[in-house]
Amino acid sequence: MGSVAAGAVRHPVVRRLSFVDAFLWAFRLAVVLVVVWGTVGTLRLGRYTGEQWVDFVVFGLAQGGIYALIALGYTMVYGILRMINFAHGEVFMSGAYTAYFVAAPLAASGFLNRHPILSLLLLVAVAAVVSTGVAVLVERVAYRPLRRAPRLVPLITAIGASFFLQYAFRGLYGSGFKAYPEFELFKGEWQVLGIGILRTQAVVLASAAVLMFALYQFVMRTKVGKAMRAVSEDKDAAALMGIDVDRIIVLTFAVGGAAAGAAGILYALVFKQVHFFMGFVPGIKAFTSAVLGGIGNIPGAMLGGLFLGVVESVGPALFLDGLGIVAPYQLKDVIAFTMLVMVLIFRPQGILGERLAAKRA
Amino acid sequence: MALLELEDLHVYYGNIHALKGVSLHVEAGEIVALLGANGAGKSTTLNTVSGLLRPRRGSVRLEGDDLIRVPPHRIVERGVVQVPEGRRIFGQLTVLENLEMGAFTRTDPQGVKEDLERVFTLFPRLKERAGQVAGTLSGGEQQMLAIGRALMARPRVLLMDEPSMGLAPLLVEQIFDAIQEINRQGTTILLVEQNAYMALQVAHRGYVLQTGQVVLSGPAEQLRENPEVKRAYLGG
Ligand SMILES: Nc1ncnc2c1ncn2[C@@H]1O[C@H](COP(=O)(O)OP(=O)(O)OP(=O)(O)O)[C@@H](O)[C@H]1O
Ligand SMILES: [Mg+2]
Numbered sequence: 001m002g003s004v005a006a007g008a009v010r011h012p013v014v015r016r017l018s019f020v021d022a023f024l025w026a027f028r029l030a031v032v033l034v035v036v037w038g039t040v041g042t043l044r045l046g047r048y049t050g051e052q053w054v055d056f057v058v059f060g061l062a063q064g065g066i067y068a069l070i071a072l073g074y075t076m077v078y079g080i081l082r083m084i085n086f087a088h089g090e091v092f093m094s095g096a097y098t099a100y101f102v103a104a105p106l107a108a109s110g111f112l113n114r115h116p117i118l119s120l121l122l123l124v125a126v127a128a129v130v131s132t133g134v135a136v137l138v139e140r141v142a143y144r145p146l147r148r149a150p151r152l153v154p155l156i157t158a159i160g161a162s163f164f165l166q167y168a169f170r171g172l173y174g175s176g177f178k179a180y181p182e183f184e185l186f187k188g189e190w191q192v193l194g195i196g197i198l199r200t201q202a203v204v205l206a207s208a209a210v211l212m213f214a215l216y217q218f219v220m221r222t223k224v225g226k227a228m229r230a231v232s233e234d235k236d237a238a239a240l241m242g243i244d245v246d247r248i249i250v251l252t253f254a255v256g257g258a259a260a261g262a263a264g265i266l267y268a269l270v271f272k273q274v275h276f277f278m279g280f281v282p283g284i285k286a287f288t289s290a291v292l293g294g295i296g297n298i299p300g301a302m303l304g305g306l307f308l309g310v311v312e313s314v315g316p317a318l319f320l321d322g323l324g325i326v327a328p329y330q331l332k333d334v335i336a337f338t339m340l341v342m343v344l345i346f347r348p349q350g351i352l353g354e355r356l357a358a359k360r361a
Numbered sequence: 001m002a003l004l005e006l007e008d009l010h011v012y013y014g015n016i017h018a019l020k021g022v023s024l025h026v027e028a029g030e031i032v033a034l035l036g037a038n039g040a041g042k043s044t045t046l047n048t049v050s051g052l053l054r055p056r057r058g059s060v061r062l063e064g065d066d067l068i069r070v071p072p073h074r075i076v077e078r079g080v081v082q083v084p085e086g087r088r089i090f091g092q093l094t095v096l097e098n099l100e101m102g103a104f105t106r107t108d109p110q111g112v113k114e115d116l117e118r119v120f121t122l123f124p125r126l127k128e129r130a131g132q133v134a135g136t137l138s139g140g141e142q143q144m145l146a147i148g149r150a151l152m153a154r155p156r157v158l159l160m161d162e163p164s165m166g167l168a169p170l171l172v173e174q175i176f177d178a179i180q181e182i183n184r185q186g187t188t189i190l191l192v193e194q195n196a197y198m199a200l201q202v203a204h205r206g207y208v209l210q211t212g213q214v215v216l217s218g219p220a221e222q223l224r225e226n227p228e229v230k231r232a233y234l235g236g
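Those protein sequence lines, which keep their order, are chains P and S. Residue numbers for the first sequence follow my numbering, so the first one is 1 and each next one is one higher. Residue numbers for the second sequence follow my numbering, so the first one is 1 and each next one is one higher.
These are computed hints drawn from the structure, not numbers from a lab. Be aware that one or more of the hints could be misleading.
What the hints assert, rightly or not - Estimated spans, in silico, between C-beta atoms of each pair: (1) PHE337(P) to LYS20(S): 29 to 35 Å; (2) THR222(P) to GLU114(S): 20 to 26 Å; (3) ASP236(P) to ALA2(S): 49 to 55 Å; (4) LEU29(P) to GLN194(S): 52 to 58 Å; (5) ARG221(P) to GLN185(S): 44 to 50 Å; (6) GLN185(S) to PHE213(P): 55 to 61 Å; (7) LYS20(S) to PHE213(P): 51 to 57 Å; (8) GLU114(S) to LEU344(P): 30 to 36 Å; (9) PHE218(P) to LYS230(S): 52 to 58 Å; (10) GLY39(S) to VAL34(P): 55 to 61 Å.
Given the structure is predicted, the values throughout are model-derived calculations rather than measurements. Ideal Cβ positions, reconstructed from N, Cα and C, are used throughout, including at glycine.
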């Protein structure tokens, strides 16, 4: 359908290069040059061993799995309401932060390390429940009353809800960093196929994979999952089939919230601390992942998350180090945001998605 | 008491007064045609019955129970189901998944299985394409799917909005055959059509809507002979 629209407004093949076009081409060229130049430089230096590259990739995949889980919430809500839930980063924060107050006493009593798997499951459950509750509350209070308002309006309340949650949680739990207790079991490395992999990262990656698989099956195979897809295609038609559209929307927020809550615990395993502002950057990264994969597209969000995680992790070493940049890792966020900007400009439909504007024509 | 009764419906889109006091009734077992030109208010009437639109005045009653303020999904549960204009199938779901969505409110798996067989008997084409993504079906097949999907809810009253729209003559025949078959199996039908000729052949009674008002009504054979209907809708 994109091709029909494009055909109707096709420009003559030969036309004057506008200033904007020239600028965009220069931008593309600059990015390609930086990447190629830096990569060649790094490889010539030979500063990293093969094992280190593997470490970068594994770390990237683990990080990407977390992004992917958060990204699911953005993409599912977009799919159903055509809006970006900018409070989703705070949904992610609320679960992990609240679960800290379960994790700390568990660790103090020694239960955490006597029953690490059980404790982990418990923490994930607590975080998922809290995040789900917050997500559902945000939908009810900030979005549902505005269902028929112009699109900009819920976007503004989303940002408002985001600030509200940050400061509400700061008020509740304090403004300092809280050190998450560590699991003895997850310290050190496991040998997988002769490669040493940090246990934390293996656990994070495996958990993220299991959760994504379960979510995908839920959306594809269950009656409610199918109803979610039906509602995201055509709300009125879904209502005419007897689907309670509002309930399906709430469920979508709930499922996205649960995934974000679980992601919060995985994040705490890796970074070992929580804070009321911790949702902001992962939230934007996950949003980037969802856009990368084609917003509204569930497998796309998963792939987008993994892709972003890997590029962010490998990128600084691969193409920033070779440029002689002193502290390349400080720039990994720059890589993520450059990717967001580039995708929005050059391929707004994302890697797998349809064009934003063509959707729901 | 009529199975479905609309009384003095006034419906607005903002300031546009789309229905100006529409009253009609459908008896159990009937096929009732609702005819009218573009913009007469036919779809508005069906969407008000389905609960997508709320009238400013008037009532919709199913066996005497008021349906106004009942949300759309509950109206489906009560047995009033619509085949919407333009088919509105779920293009990214498979044919089978679309049919499952039609059965969303059902709690009797055995009955659902029977109805699936019934739909496949009515439209064998859908069975062949059960696993296919619905967006790739032809227009005629999509219409069959839209009808089959609504039947999966086991409706007592089926509201059909221009089921023959945009179909080749042979397919139009097929769809109207199916409509008669569905009615014979016990489903009451309120049929919106621009194809007045075909609609008045299958219907028992009919209403003619003009700019939001019923201007004519009566038994189908009588409407077929009415000079005004002939002139305006039957090209004679
Ligand atoms: N969403 C809307 N907003 C504003 N006006 C509308 C809307 N939908 C319909 N109308 C107006 O209400 C009137 C009745 O429209 P309706 O769709 O019910 O007509 P119809 O008889 O179904 O026509 P058609 O045969 O073209 O489908 C028309 O004048 C139409 O312009
Ligand atoms: Mg219409």
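The hints, checked one at a time:
no.: 1; hint: PHE337(P) to LYS20(S): 29 to 35 Å; result: 56 Å, violated
no.: 2; hint: THR222(P) to GLU114(S): 20 to 26 Å; result: 22 Å, holds
no.: 3; hint: ASP236(P) to ALA2(S): 49 to 55 Å; result: 26 Å, violated
no.: 4; hint: LEU29(P) to GLN194(S): 52 to 58 Å; result: 56 Å, holds
no.: 5; hint: ARG221(P) to GLN185(S): 44 to 50 Å; result: 31 Å, violated
no.: 6; hint: GLN185(S) to PHE213(P): 55 to 61 Å; result: 43 Å, violated
no.: 7; hint: LYS20(S) to PHE213(P): 51 to 57 Å; result: 56 Å, holds
no.: 8; hint: GLU114(S) to LEU344(P): 30 to 36 Å; result: 51 Å, violated
no.: 9; hint: PHE218(P) to LYS230(S): 52 to 58 Å; result: 57 Å, holds
no.: 10; hint: GLY39(S) to VAL34(P): 55 to 61 Å; result: 58 Å, holds
Hints 1, 3, 5, 6, 8, counting from the list given before, are not met by this structure.
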